[in-house]
Each structure stands twice: as structure tokens, then as C-alpha cells.
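Could you slot chain B onto chain A? The hints should help.
Number of protein chains: 2
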Amino acid sequence: MWIILTYDISVKRNSKALKICRKYLSHVQKSVFEGEVTANKLDRLKHELANVIDYENDQIAIYEFDTLRYSAKEVIGYQITTDNVL
Amino acid sequence: MWIILTYDISVKRNSKALKICRKYLSHVQKSVFEGEVTANKLDRLKHELANVIDYENDQIAIYEFDTLRYSAKEVIGYQITTDNVL
Numbered sequence: 001m002w003i004i005l006t007y008d009i010s011v012k013r014n015s016k017a018l019k020i021c022r023k024y025l026s027h028v029q030k031s032v033f034e035g036e037v038t039a040n041k042l043d044r045l046k047h048e049l050a051n052v053i054d055y056e057n058d059q060i061a062i063y064e065f066d067t068l069r070y071s072a073k074e075v076i077g078y079q080i081t082t083d084n085v086l
Numbered sequence: 001m002w003i004i005l006t007y008d009i010s011v012k013r014n015s016k017a018l019k020i021c022r023k024y025l026s027h028v029q030k031s032v033f034e035g036e037v038t039a040n041k042l043d044r045l046k047h048e049l050a051n052v053i054d055y056e057n058d059q060i061a062i063y064e065f066d067t068l069r070y071s072a073k074e075v076i077g078y079q080i081t082t083d084n085v086l
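Heads up: the protein sequence lines correspond to chains A and B, in order. Heads up: the first sequence at position 1 corresponds to 1 in the numbering used here, and the numbers run straight through without jumps. Heads up: the second sequence at position 34 corresponds to 34 in the numbering used here, and the numbers run straight through without jumps.
It is possible that part of the hints are untrue.
In this list, chains with the same sequence are indistinguishable; a pair is considered to hold if it fits within one copy or across any two.
Stated by the list, open to error - With a straight-line Cα cutoff of 20 Å, these simulated DMTMM-like cross-link-like pairs (lysine to aspartate or glutamate) come out:
{"hint": "1", "residue 1": "46", "residue 2": "58"}
{"hint": "2", "residue 1": "73", "residue 2": "36"}
{"hint": "3", "residue 1": "46", "residue 2": "74"}
{"hint": "4", "residue 1": "30", "residue 2": "43"}
{"hint": "5", "residue 1": "73", "residue 2": "48"}
{"hint": "6", "residue 1": "23", "residue 2": "43"}
{"hint": "7", "residue 1": "30", "residue 2": "58"}
{"hint": "8", "residue 1": "41", "residue 2": "74"}
{"hint": "9", "residue 1": "12", "residue 2": "43"}
{"hint": "10", "residue 1": "12", "residue 2": "74"}
{"hint": "11", "residue 1": "16", "residue 2": "54"}
{"hint": "12", "residue 1": "73", "residue 2": "58"}
Calculated directly from the structure, the hints in this document are not laboratory data.
Extracted from the complex, chain A is given alone in its bound form:
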């Protein structure tokens, strides 16, 4: 399936979460990732993140789409590079 993952994670835990998300997905904005994953990989991703986040102060949202990519995407502003998303 194709997913968009967005997170709001405290700066203390951010680098760990970032590393995990990057193993499975493309990093497309500071706190936004997207990509194709199997159900199995998605389970692993969620499991790894669950071990890192503070459930009272952090939030992860995962939008799942069956086979579709978004029908359109528009990006306004800076273009992402490995420098400006860290």
C-alpha cells in the first residue's frame, strides 16, 4: 500500500524517529514521509516508532491508500534536500 506519514515528535526523540521513518519511506518535508510499503513493513515501522515515542506528547498519523498514489501533489516553497530536513 502507499502511505503518507506525518509526525509531531518532541525534539528529544526526533532524531530516533527520523532514522526509523527513513528506513521505510522517503523524507519529503521536515515531519512528512511517503512511500510504498507492504503491510508487513508497515507493522514493523509502527512497532519501531511505538518504542520511541511518548504517547502523551507525540503524535504520528498514517494515511493509508490501497493502490493509489495521490492524484496530484503540489509543493510551494523550498525544495527538500538532505541538508534542510535534518
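Just chain B, lined up with the frame of chain A:
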């Protein structure tokens, strides 16, 4: 159409951008909004945001879906309230 809007906007300009996005969409995570908009409203939203952001340092991504909502959404962690997203 149904959209997900995510932004990475400097704290200086954040409150203005937040106010604009909230006029058109539901605020579902610190920097994430979603909702149904007409093409006309989406144009207005983009126009208003374009007047606020710094194109070199800020980024807005808009995912557009024709008639679909996401096929599934999972939220892990805190639940959003008007207090914790400001």
C-alpha cells in the same frame, strides 16, 4: 476534492499560516490539515498562503485526491485538542 496539507513554516510566520489554513481545513496535527475543498477555495487558500510564506525557508505540500478520502487513517499518540496544536 479532498486534500491533505502539510507545512514547515518558520515560527515567525506560523500563526498567520495557521489562521489561514484553519479557515478552509480541519487542523489534525501540529502542521497538518485536511478537508474537502472546491477548486475555487483551494486557489484562494494557496493565494493567501503565498502572501505569507518565505519561499526560501518555508514549504507547503498539498496532496489532492479526486473524490476519495484516505482508505484508512491511524493516529498513534496524543489526540488533538485546540490546546495542544497551537
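Evaluation of the provided hints:
1. 46 <-> 58: For residue 46 and residue 58, the Cα distance is within 20 Å only inside one copy (14 Å; across copies 28 Å).
2. 73 <-> 36: Answer is both; intra-copy 16 Å and inter-copy 15 Å each pass.
3. 46 <-> 74: between (27 Å within a copy, 10 Å between copies)
4. 30 <-> 43: neither (23 Å within a copy, 24 Å between copies)
5. 73 <-> 48: Result: close only across copies, 18 Å inter versus 28 Å intra.
6. 23 <-> 43: So residue 23 and residue 43 pass the 20 Å test inside one copy only (13 Å; across, 35 Å).
7. 30 <-> 58: both (15 Å within a copy, 10 Å between copies)
8. 41 <-> 74: Between copies only: 15 Å across, 27 Å inside.
9. 12 <-> 43: neither (24 Å within a copy, 37 Å between copies)
10. 12 <-> 74: The answer is neither: 31 Å in one copy and 23 Å across copies each exceed 20 Å.
11. 16 <-> 54: within (12 Å within a copy, 29 Å between copies)
12. 73 <-> 58: between (26 Å within a copy, 17 Å between copies)
Going through the hint list in order, the structure does not satisfy hints 4, 9 and 10.
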